[in-house]
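*Asks:* The listed protein sequences derive, respectively, from chains A and B.
The opening residue of the first sequence carries number 92 in this note's numbering; numbering runs sequentially from there.
The opening residue of the second sequence carries number -16 in this note's numbering; numbering runs sequentially from there.
One thing to keep in mind: the hints can contain errors.
[Stated by the list, open to error] Calculated lysine-lysine pairs in the DSBU-like style (CA-CA distance at most 35 angstroms, straight line):
(1) B/K80 to A/K105
(2) B/K25 to A/K148
(3) B/K(-15) to B/K80
(4) A/K162 to B/K28
(5) A/K100 to B/K25
(6) B/K62 to A/K105
(7) A/K148 to B/K28
(8) B/K(-15) to A/K148
(9) B/K80 to A/K148
(10) B/K(-15) to A/K162
Calculated from the structure, these hints are not laboratory results.
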Amino acid sequence: NAGVTQTPKFRVLKTGQSMTLLCAQDMNHEYMYWYRQDPGMGLRLIHYSVGEGTTAKGEVPDGYNVSRLKKQNFLLGLESAAPSQTSVYFCASSPDGLNAEFFGPGTRLTVL
Amino acid sequence: RKEVEQDPGPFNVPEGATVAFNCTYSNSASQSFFWYRQDCRKEPKLLMSVYSSGNEDGRFTAQLNRASQYISLLIRDSKLSDSATYLCVVFNSGTYKYIFGTGTRLKVLA
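Can you build the whole structure from these sequences, using the hints too?
*Replies:* This is the structure we're talking about:
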């Protein structure tokens, strides 16, 4: 079991570029989440999904899009990167709300 | 008011000390409760779930008080390796969201 994996681990973008972050889980979890964490701040929810084909907005969704075409994958897209999107991005999954969620190792993104 | 609140600390304690963290939550319909630890520049990792009857895992004890809407974590015989940020997390079944506190920093000193 690899658990939750994230690709890439690091990335540097220029303002205006686009990219997709991939989250994959092999635990057959229904729920998946994307968070960002900035220095000295807590985790902020970007988007989440409670099942294949479903997505919903979190606390800070602007500038991001997501897709959950397959149960095991949750993609986070940045259409036109901005310096304010420099952050560490964590993906997490859980079987249901009665159980804890498990996190991937994170993607460190810098937008210049 | 934040949905989950924690004292940010830092708590600086000597090795071997007992330290307690509290966390309050505002949504009385919250369904599940957890403590995570996060090391610098790493992902949050589950420390323990919190059950209504209270639960213990080695040196760690978690308590839930639904009436007062707070969760606690007690760490006994602190080790240097316990130095981390401890996150209180509440699951809101109405929104399917895990709500994180901003964390309490613990530093255990030799």
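*Asks:* Would you mind marking each hint as holding or not holding in the structure?
*Replies:* Now for the hints, and whether the structure bears them out:
1. With a C-alpha separation of about 32 angstroms, the suggested pair B/K80 and A/K105 falls inside the 35 angstroms cut-off, and the hint holds.
2. Simply put, B/K25 and A/K148 have alpha-carbon atoms about 25 angstroms apart, close enough for the 35 angstroms limit, and the pair holds.
3. Restraint check: the Cα-Cα separation between B/K(-15) and B/K80 comes to about 14 angstroms, which is no more than 35 angstroms; the hinted pair holds.
4. Taking the CA atoms of A/K162 and B/K28, the gap is near 22 angstroms; set against the 35 angstroms cutoff, the hint holds.
5. Under the criterion of a C-alpha separation no larger than 35 angstroms, the hint pairing A/K100 with B/K25 is consistent with the structure, at around 12 angstroms.
6. With a C-alpha separation of about 43 angstroms, the suggested pair B/K62 and A/K105 falls outside the 35 angstroms cut-off, and the hint is violated.
7. Our distance criterion of 35 angstroms between C-alpha atoms is met by A/K148 and B/K28, whose separation comes to about 24 angstroms.
8. Restraint check for B/K(-15) and A/K148: satisfied, since their Cα atoms lie roughly 19 angstroms apart, inside the 35 angstroms limit.
9. Taking the CA atoms of B/K80 and A/K148, the gap is near 11 angstroms; set against the 35 angstroms cutoff, the hint holds.
10. Distance restraint check for B/K(-15) and A/K162: the Cα-Cα separation of roughly 32 angstroms lies within the 35 angstroms cut-off, and the hinted pair is therefore satisfied.
Taken one by one, the earlier hints fail for this structure only at number 6.
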